[in-house]
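Generate coordinates for the entire structure from the input sequences, incorporating the hints supplied.
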Amino acid sequence: MRIIDELPESQRGWLDFLDEAAHDVFDRLDAVFDPLRPTVWQPTLAATPFGRVSRGFGEAEWRAMGLWAQLRMHLLWQSHEHAFVLTPVPAAVARRRLRWTPEEIELLWRLTVTPPGERQRHEDFFTLPVAVAEELPIAEREPYAHWFRQARADLGLQRWWQVTDKIVLRLERLVAEHAETPAERARALVPELDGFATLLRDDFADRLGASEVVALLRHWTTATKPRPDEAWLATAAALVTPEAVTLVRDVLARIPGHREDVDRSYPSRPIVTYFHERTAVLVRGMVWTCEQVDEPWVTGLLGDVAVATGTGVGGSGPNARNERTTNAAIGVLARRGGLEVVAQLARVQAKVRRKSILTLVRKTLDGVAERTGLSPEQLLERTVPAHGLGPDGTRTEHGLRLSVDGTISYVDDAGKVRKAVPKAVRAAHGELLAELKAAAKELKKTLPAERHRVERALATGRVLPWSDVRAFYLDHPVTGTHARALIWEVVQGQAGLPVRTAEGWELADPRGRRVSPGPETPVRLWHPIFATPDEVRVWRDHLMDTGLRQPFKQAYREVYLLTPAEERTGDHSLRFAAHILKYGQAKALLAGRGWTGMSLGWWDGAGGSNQCQTVKELPGGLTADWDFHLDWHTAERDGYSNSHCVSGALRFLADGRPVPLATVPPLVLSETLRDADLAVGVTSTGLDPQGEGDYWHSYSFGGLTETAEIRRDALTRLLPRLAIADRAELIDRFLRVRGDLRTYKIHLGSGNILMEPNDAYLCVVPGGEGPGRVFLPFEQDGGMLSIILSKAFLLAADTAITDVSITRQLTG
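Take any residue in the sequence shown, note its place counting from 1, add 7, and you have its number in the working numbering.
Rather than coming from a laboratory, the hints here were simulated on the basis of the structure.
Label-pair ranges, simulated between beta-carbon atoms:
#1 Arg469 to Val506: 21 to 27 Å
#2 Ser363 to Gly500: 39 to 45 Å
#3 Glu142 to Ala445: 46 to 52 Å
Everything numeric in this text was worked out from a predicted model, so none of it was measured. We treat Cβ as the ideally placed atom computed from N, Cα and C, and that holds for glycine.
In structure tokens, the structure reads:
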């Protein structure tokens, strides 16, 4: 049947302008096309029956062939069919530079977008009309602009992946070039596919579509490769304008505050979206453009972007919100070079847990270190920003004071520090105040990164010359906040807390003995694993007597020595096996301490299986490997969710093979087992005040782990100083508290409570407040020490309790 006869009566008038030559081409092509014969996709026009017909075609015949193919696809799609043998025809015609008439162009687009809302059309449908439109000068496209908009609107009714990115991008550019306002131009190029794209369309559309920026916006949509080539960067450099630079800064500054979208249509497996691929491409283009911007804000902002996109959903975990954006930011930092990028890379190291990202950061730092002749560790400690602070950790100008903890206060003429800044001072020194607020924001990022780095030096036993300790730790206004509260020791010599002298620094032990190491004397952070029990006891008493709170556990740090059971098992430890943990919480905690690969789930290989190993790279070429599996009974009760997991054996490997535990260096063994103890002590279901079952009871009131023993040791020193000292005592595994109504036993591991005389269980859910002004030498174990003390103070005054859920239990 002739194609014209197949057209609906209402559409046959569309072809009235065609001459006999065009109809002759239609008839010749109809003669070799059989819609009833099964057809398969062919790679070239020559491989199809139409290739033989087209031999000797002139320009008019090629245009007629393109119209025939578009007509055929139009008819087939109305019947929801597709003859794949047609696929090479539009592409072959589109490659030829043909002089299309206005009537022919109108017909191509009419066939493409009619009937409106047609769904699931293949990219072949758009290949020819888009190519023809792109060949026209912009002014000559105007009569067809309404067709571009209609086609893009139709595509919006489909899932976008049913038409290739390239076709979508080309069509969006056609729409943008004929938009009436800058905002319409921008919205044509920024599809609303996620929350950040919505933000761009709502808050930045006018600026993105402005004449000074829109050409660069189009260029950003082509940032589809893993890294920019020279041609891409050269084009970006040619298109950059002052308006574009300001826009890039303002858009990228919104990323740290952006949160993922969560679609809970399927509660068991919610869909989480941070950046859609299209949005990620656009953002990546902006990040790459920063390579062409020589402004002081660029380095810090790229660090913000890398941290925000490199962390997992919710800001933690081993996965990245959008790894490609993170890698783009790190890549630009690497190409910018200079020591100022090191601090930003250190922030990424401290916060991000994605193994591939950390590998990239490490390679980048190694490259910078090689160029500067320093080790990566030396590079990090030499590039910690001071943020304008003086040696005392403050910066004061015109009475405005910025402190190392990120707070801004006002010092009046009498020298009194006030929390509130007077209105007159804010008006007179607004620019300075804004500068200090920006510095405070940066300080709050640097401090935790430094705490993480300094603790890593303790955990790895890093040795430094005393001159470096003084210059880069004790004298540094930011790092010194942590370092000056820690115990340092001369290797094979005396340990002490730093004391400033007229000549510099000395180390003083609890007995007042001092040592002044020479500049090249090797020094390291003191670790209790290398000390005797008496030495550890003296240091703990000293911290309690002086009220010195350390930034992390040092004097009170847990020590894990090889046990007889581990000597018997040989190459694996079961010390922290068979614990039921909250999976998501355990995964996030371990990821924050450098463990990777923890992925559990019942559904498929992509989401994980019912067992996994989480691993951590250790000093000396060792790797820790800890087994986990899903608990069948818990999962069955919870509808086969992965909300809980069970811990298994922990091994140490070298070159992929287990090594005897006795050969693992004591510091490495202790710090690794400390991670495991922390994971169990913070995420065990035995901590649940409303738990039940054998495991819950055994954990809630059973033997103490090393972390709980440290807690007991701290309470031994704290109790005599407390207001409830006459009502509290330590007995075995419990803090025993005498109230007026009952006597209570608070377990030092779980914080759960038994009531005497019959050991009835008392459920008290922890509130948000701690033990008030009580000095705690540490609070780094999930806050359990604070929780135990809070419960102790509450129960010591049990007659004052008004919470009905508690009083009912007290009175039976």
